[in-house]
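Asks: Given next are the chains, with one letter for each unit.
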Amino acid sequence: MIELITQPAQLTPVLRPPALVMDLERLGSLNASRLSFARSLIRQMGRQRWHISCDRFELDALGHGQAIYRIQTPYGRYHAVIFSQRLDDSQRSDRVIANAWDVTFGLVEGDVEDALMTSLAENIPLQEAGRQHPRLLVISRANKSVRNFDVFVDALSKGSQPPVSLLKEAGYLYRTTAVYGNGKFGIADFGRLKENADFRRPFSAQMTAVYVLRQFSIAQVEHIARHRHAHSAVGLHIDLQRYLGIGNSTGLGMAPFLINHPQLINQWIHAREQALALAKMQIPSEEDRSQLLLLCRRAYHYFVETVVTDTHQTSRNAAVIEELSGVIAWLEQIAIEPDLWQQLTDWGEAALSLESQELLNALLIELYPAQVDVLEDAMGVDEKLDLTPDMPLVQLKQVIETHLDWALSEDFDDPVSCHWFWYRSVEKEEPRLGVRGAEDGVEKELSLAIAPRAQRTYRAISDYLEEHPRALTIEFLMAQPKFMDIIRRIQTMAATPYGEIRANLWHRDMKPIHLLRTKLSFLGANRFDPRSDRWVRVTFFQGAPLIDELNEEPADLSAFDDWSFPLMPSDSSGESAAQLATK
Amino acid sequence: MMNVSFNELQGLSRKAFIGIGFSDGHADDAADMVAWMESFDLHGLEALNAGLQHLMEEDPDTLPQILYQDGDLAVIDGQDLSVLRSSNLALELAFAKARARGLSVIKIRRCRQRQLIMGYLARLAGRGMNITAFWRNAQIPLTEQVVGFRANSSAPSIRVYSVEEVPEENEPNSGITIVMANHVDLLPTMRSDFRYDLLAKHEESDLMAVRDRAMVNGIEVEVSLWERLKVLAHMTLVASSAVSSRGAGEED
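One line per chain: the protein sequences are A and B, in this order. Take the working numbering: the final residue in the first sequence is number 583, and no numbers are missing along the way. Take the working numbering: the final residue in the second sequence is number 835, and no numbers are missing along the way.
This is chain A alone, in the form it adopts within the complex (with noise of 0.2 Å):
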């Protein structure tokens, strides 16, 4: 008799689909996750061991002057340069439009020379007016929050650790309002990074120069302390100094990029979904169920500990307690199966609300590191949308049918669905929302939305097939050419099932915000705190270790890279930074 052996199938991990995934309410409900870059980054950090040092510290007693960072990487060497500048109250804005700013800083491949410095200096502190030099990275600027500095430097001069309460509402002393990289205002291309080891992952130079801007906003409080009252003067407590990090304003600026970047964003979401997809493959031991609660109760802690003003941000952050609760309770109960976690997902989305299902999905990625953290490579693409111009058009009709079925299913026809209209505003380029027919400008409409666009082509390619039902997309195109540009995104993006974020921007319900949180999140942003529906705070590298642990050369890296939903120093009564000190 012939023994029939039995191969163990193949498993592959199934993705969610593009229909539930790209839905923009549910992206705009995304968390950081362990492939956030501000993450990816620590741990790249961490990993190949990258000093950073000061050079040079020259402020005065106010905090103006200039410092400069050394960064050493096992490949290369960059300095962040920073400027700090007095700044009136009425010029600190965290608007685009802003003109001067507390702080400016960037980062600069190689060596700062006296003269590139003196250019530096020159330049930096203007911004966007400025003639950058093409030796810089990224650059960027940061306004102080106010009250939490003023606060931390009477604290500090005075012996004293500032409360750490103050920090449940804005975790940083520096909130930035812009970080620019990719050649804007003569800066280096990213296309120059593709081949540098340390940067070629997106955004990584930008997250790097926010991380720098942490380390010296300490050094900053605690030189202006000494400075005030030299005798009394204490340095801030390491537990505070790590649950500082760096804020971040973002308004509608950001939402062009969301658009303009199919390919780019179709990596980032295709890796998340691919570590969440090979998270839930994995037959849970014990152990995971136990660092699963563990990290439930944290960010359950981390939700109880976020003040936010948003009323609309503050119930969902309330939703998310409540069912963390019951997440919790589920996970002690329910017995161990190899399909828990698809269990868990699917009572997941039958019973949560899309933040707590993101967050779960977040939090179970953070279980397999080993499978997960690989993905962390592809999260870059060669951008380039083409045309295939020997498609049949019927087919190319059948393609818009199939992956465009969401846009074609919106009435353009109610004025609802056509309310909004994009554009740029001459005051720096500023994109702004105005409403259709109400306001000026309509006729330099950007072509942000995808929807009306691929409804439109949809309608000219059938009208013509009518005449010509064996036509070739280039036929079509050459007859009407202004279809090009959203035909060869179509064709491109078809082989991709997540690029296109589905939804209909010019609808009068469009929460832009949902946009700026998709982006964010992936940059590894924190504390969501709406202040409109065009405009949000948040925080990055708050928890993150401080470059005094990186510089030691952490042996376990394990426990370096674990700092996701940072809780406060100190337990729920309130106790101060500074009985913290004294224990």
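These aren't lab readings, by the way, just hints derived from the structure by calculation. Watch out, some of these pointers could steer you wrong.
[As the list claims (entries may be wrong)] Restricting the straight-line Cα-Cα distance to at most 35 Å, the calculated cross-link-like pairs of lysine-lysine (DSBU-like) are:
1) Lys444/A - Lys397/A
2) Lys784/B - Lys519/A
3) Lys482/A - Lys690/B
4) Lys397/A - Lys511/A
5) Lys384/A - Lys813/B
6) Lys444/A - Lys428/A
[As the list claims (entries may be wrong)] Here are the simulated distance ranges between beta carbons:
7) Ser807/B - Asp556/A: 53 to 63 Å
8) Val394/A - Asp624/B: 37 to 47 Å
9) Val814/B - Thr118/A: 47 to 57 Å
[Unchecked claim] Just so you have them, the derived chain A footprint on chain B, three or more residues with Cβ under 8 Å:
10) 602-608
11) 625-633
12) 728-737
13) 762-774
14) 794-808
No residue lacks a Cβ here, since even glycine has one placed at the ideal position from N, Cα and C.
Knowing the structure of chain A, use the given hints to seat chain B on it.
Replies: Using the frame of chain A, we list chain B on its own:
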């Protein structure tokens, strides 16, 4: 002169073309063509500058016309438009024919700023097509230019030479002939029984080195042209008002 990045040049050019009246897709391609040329130091901005006024006066609704086509050949009337406006789809047509038939020939008659077509040829070469383009400049002496791309190469080989022993002819020299082949290398190699003087010779490797330098050091641009492009780009922007300022969200 001022120093700009590739991305900056591409971005400003794109906005300037939209300001002139190009559709988004044509503006994308035209900006890519100019920036590509300039990154290889092939004087893309000089060509743009020389033809900018004419470009602004062109009727944006005028389309290139197909005068003749069959399976592997097409003749296009470029309508005296710049190749920035008229060549991309004509070249896509040639690409489709070459994909179907192995080799295609396309002649674009009556077109301007022909140098700039190299930027779009580079794009098609990147999609796996071997390409040669040929055109004559009506100068004294008569000069000819041949540009060849190997499939999947991002830099061309270029030859520019003057010829004297040519039969008299009355055809205007404002056309360009392009040959595309799926599988056959079409790089230019000089070989002739007739006298010619080689005026310029650019090899792929030389051009790649130029490109690498541009990525490190940036690209030199004449300030006056940069300002001119900014004026055109400005036409895409909407005047600000208290109402429009609220369109970005209320001040925090």
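Asks: Give me the numbers of the hints this structure contradicts, sorted from smallest to largest.
Replies: Going through the list in order, the structure violates hints 2, 9, 11, 12 and 13 and respects the others.
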